[in-house]
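Enquirer: Chain residues, written in single-letter form:
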Amino acid sequence: MEPVLSVRGLTVTFGSFTAVEDVSFDIHAGQTLAVVGESGSGKSVTALSIMRLVELGTRGKIERGEILFRAPDGEMIDLVQQPEGEMRAIRGNQISMIFQEPLTSLNPVYSVGDQVAEAVILHQGLDKEAANERVLEMFRLVRIPEAEKRMVQFPHEMSGGMRQRVMIAMALSCDPKVLIADEPTTALDVTIQAQILGLMRDLREQTGAAVLIITHDMGVVAEVADDVVVMNRANVVERGPVTQIFEAATEPYTRALLASVPRLGSMAGRDEPAPFDLVEYQP
Amino acid sequence: MKQIAARIAWSAGLILAVIVMCFSLIHLAPGDVAIVIAGDSGAGDPEVIAEIREDLGLDDPFLVQLGGYVGDVVQGDLGTSYRFNEPVTDLIVTRLWPTFLLVGTAVSFAIVIGVLVGVFTARRPESPISHGVTVFSLTGYSMPVFWTGLLLIIMFASNVQWFPVSGMRDVRLDGNWLEEWVDIAHHLVLPSITLGVIYLAQYSRLSRASMLEVLQSDYVRTARAKGLTERRVVYKHALRNAVIPVVTVAGLQFGQMLSGALLVETVFNWPGLGRLAADSVFQRDAPVLLGILILSSTLVVIINILTDVVYRLIDPRIRVGAATK
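Residue numbers (the numbering used here), protein chains in the order written: chain F, 1275 to 1557; chain R, -18 to 306.
Quick caveat, the hints were computed from the structure, so don't treat them as lab data.
Here a beta-carbon is modelled for each residue, glycine too, at the ideal position from N, C-alpha and C.
Careful: at least some of the hints might be erroneous.
Distance ranges between label pairs, derived from CB positions [stated by the list, open to error]:
(1) F/G1399 to R/V116: 41 to 47 Å
(2) F/E1349 to R/L97: 41 to 47 Å
(3) F/E1403 to R/D155: 53 to 59 Å
(4) F/D1401 to R/P109: 42 to 48 Å
(5) R/I(-4) to F/G1399: 53 to 59 Å
(6) R/V116 to F/D1449: 49 to 55 Å
(7) R/G48 to F/H1430: 55 to 61 Å
In isolation and in its complexed conformation, chain R is listed as follows (with noise of 0.2 Å):
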């Protein structure tokens, strides 16, 4: 418990060096915010410039504005966004939902596919249906993001359209809220596969080769040897240890599957964060782009947390590992 809490202390510390990371960045970076907020209504008067200017505080020193800038998120005030004119958190907490419903569904199916996957294939290694599944595997591996979400739209939204085409409700719905989650989860089944799938085929390729190495241990052979049935020495004794560099590596991914999810959004018009982080990065809305980075970083963050966590129910060693520190 009491690496846990200093864990979250340390993350505290890191989170606060993102936002001034990512705040400085953002200042860095070429382009004067005040013309983009007056390109519309101010057609680049000087006048209508300098009063943005002033009102956002924009000619303050840096480390005025990063002060302020940092007290205002440790009192959950991420700014208001230049383009739309509303507080950036009412902004993000209204896109989060679809993004964790949809990162969610996306780890949920390829940890839970490709463990099955991994642990079927370890005890076929030689079946021709374990040599297919690590074609696919490796298919599936290969190939970029937008472009599996594309094929899975002409094939299954325009082909057969059992599925649609983008979106995450059907606005001519009207029904109960069963039914609108029957609809929500209809619209998820092709961009959670289209973002899963990657990471399905790497944890089957990763369970495979940890439960070939496990079936070979001592301790499998002493399970064996007290009659106990395969299915239970495989599932039971070998499939807890086996499943731990699978959750390494889904904890360490969690990133990359957040910036996959951007691309996925994209493609699927699907209402969730990565699709605000795009907008804002062409609309040049800092505020909202800052506040996103930030919720990032810290669900990383949170996510690597709960990856030890996880670690110490899964794995005795490692409690004591901690506790003997």
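This is chain F alone, in the form it adopts within the complex (with noise of 0.2 Å):
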């Protein structure tokens, strides 16, 4: 099967630092791909270059590389060379991305429901009445209740968990072939998070988007995700299906991240939990 969206050899650099060094994967549709790895080891970078969003407002540069996304008319674009304004004409439309923090990625001044119409009302060049219809559709499809009195509230009014359900609905409402979530459920508690995974692969199987999910939790790569991608220090440790990399990882790296994760009865018989020797990754 053909890829919706495969990364060649990325390479992402702040000024003299390397944020990304020739990382490679493949996505297809309807498949769920994780990129795991510790905090800065460049997942984030790794999701906001293929939106190229690395160049706006950040001093990201991609330096070489290849993201070549299959466009609705089943050619393969290098999105590394589209111009601004064709990448504005992807973005939130064929690929879209909701992140980290909902409490923060929201414009605290205007409603919510108007952030989310403002995307469809761009790209499927509705008005704002039917956008608006659009959007009680969206907030109904992730099942926030009372849709409709939702829409006309502001961000601040609203749990985490319900910004979260609005930043994808947003990004679902113009009915992208990949969508990007970067770390959605990490500022959210637990019982959150599982329904937020849960609403993800529901959504996942209606719509036959591809899903690029960036985590440093190896819980919720469990959960959701068909293959896996380990990154550390800006290169790709390992790839593989989910199984694979649970079960039999190649890299010491890869089982020391497995290893990381408390389990139940772990510390049975200790006071405190034992240092673990670190793994440096050469590659």
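Fit chain to chain and form the complex, with the hints in mind.
Expert: Here is the structure:
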């Protein structure tokens, strides 16, 4: 099966610092790829580079590589080479993104309904009334209770979980081919995390979108991913199907990352957690 | 709405306190008003002075005088000017609108240009234009108002004669209302730039800092991720958030701007309240001075209430914050 998004040899720098180096992976329609790694490994920069947001508002620069995306006409286009105007037509429309912090990712001075409608009006050319209908439909799809009432509310009037649902509704409002979720559950408590992950899985099945999920939480990976890419210090350490990574990881760094997850009963007979040896990945 | 009503009620009490304080301060000031009034005509005749004291009720106990004055003010009577022998209210009303015109134009000029300059420099923080604007802002901020005024007069009214040197109207002009307004606008340019430039410098610095912070925020990243143009990201999503500190400072600075207007009106011979206030200090015209003090305090209070209203319009978090108190 042809991938919907194919990243080839991506290298991103911030001045003299290399944040992502020679990263490659493919994402297929209807599948979820998890990019995992500790903080600072380059996961989020990879995601922002796909949207070409790394060049807007930050000093990031895509130095090398290709980000091939299957356009609606079936042709593979290299996002790195697209002019900014073309990228704006793709962002939020064919590739959309949800972020880690639902508390700060929505503009505090506009109602949540207006913020979702803005994307619909922009990309689908609907008028305000039709856009509001679409927003209502999306709010119901992401299971926001009393959707009509919620549309006119401001972000500060909603809980973290509800705000993340609004973000998901915004991201899916234009039926994207690829959904990038940058640590979508990190800022949420465990019960809400499970709800949001369940929702994302259901929506992926309904829409057939490819999902790229960025996380450092191995529990989330086990829950939602089909394939996994493990990153450390700007490089890909290992990649493979989720079962292979969990059951037969070949790289010591991947095994150490999996071993760092606390397990029930692992403290038996001890008063405090035991430190484990750090594994340095050498590309 | 309840909060605004409460603010208005609270402000009425504040204005009353201001009246009592201003009246007490003027009463405590050294010198005898009756001697000043009698100075020209009575030439120090004790009988004339005694008569004036009795007419004006200056022999009454302080509290009686205060009570009488507060009662008159509540009914809209600010007394009679010693110098012009005209009701203070009439004098103030005549001079009020030129000051409003001057301060209003200066505030609008400072906020609009200041915010636009701030946004421009925040979007290109390292560009030579941005550095140039920063230097210009700091220069504008460092120059005393009266000196800026004199410089502008020398440069644009004396050397190149683009604008009139002083006044509000050309007395030789005999035209229709449109020509009169154009003439007033022409006279207004230099005084309003003089008064506004110091605030423009502050607002441009403030909005630049605020905009730089807002442009790094998560919701601006979300707006970009939606595919919006950079112009829409900046002017719709970032600006409304970045302008909140400017509104705060502009509201707080209104009192300062009124005192700045006093200097500008003196330099440009602008027939506003500032010049009337300065003249009444030198002439010891206590009722006029007191009237202007009360009016200025009331204006500051009103502007603060308006700032609160504007806040609520810009930022919905404040609306709810107040309602849930």
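Enquirer: The structure should be examined with respect to each hint, and the outcome stated for every one.
Expert: Going through the hints against the structure:
1. Distance hint for F/G1399 and R/V116: a CB-CB separation of about 46 Å, consistent with the stated range 41 to 47 Å.
2. The hinted window of 41 to 47 Å between F/E1349 and R/L97 holds, with their beta carbons roughly 42 Å apart.
3. Under the hint 53 to 59 Å, the C-beta atoms of F/E1403 and R/D155, about 56 Å apart, fit the expected range.
4. Look at F/D1401 against R/P109: about 44 Å separates their beta carbons, and that is inside 42 to 48 Å.
5. About 55 Å separates the C-beta atoms of R/I(-4) and F/G1399, a value consistent with the hinted range of 53 to 59 Å.
6. Restraint check, R/V116 to F/D1449: a C-beta distance of roughly 51 Å satisfies the suggested window 49 to 55 Å.
7. In this structure the supplied range 55 to 61 Å is violated for R/G48 paired with F/H1430, their Cβ-Cβ distance being about 49 Å.
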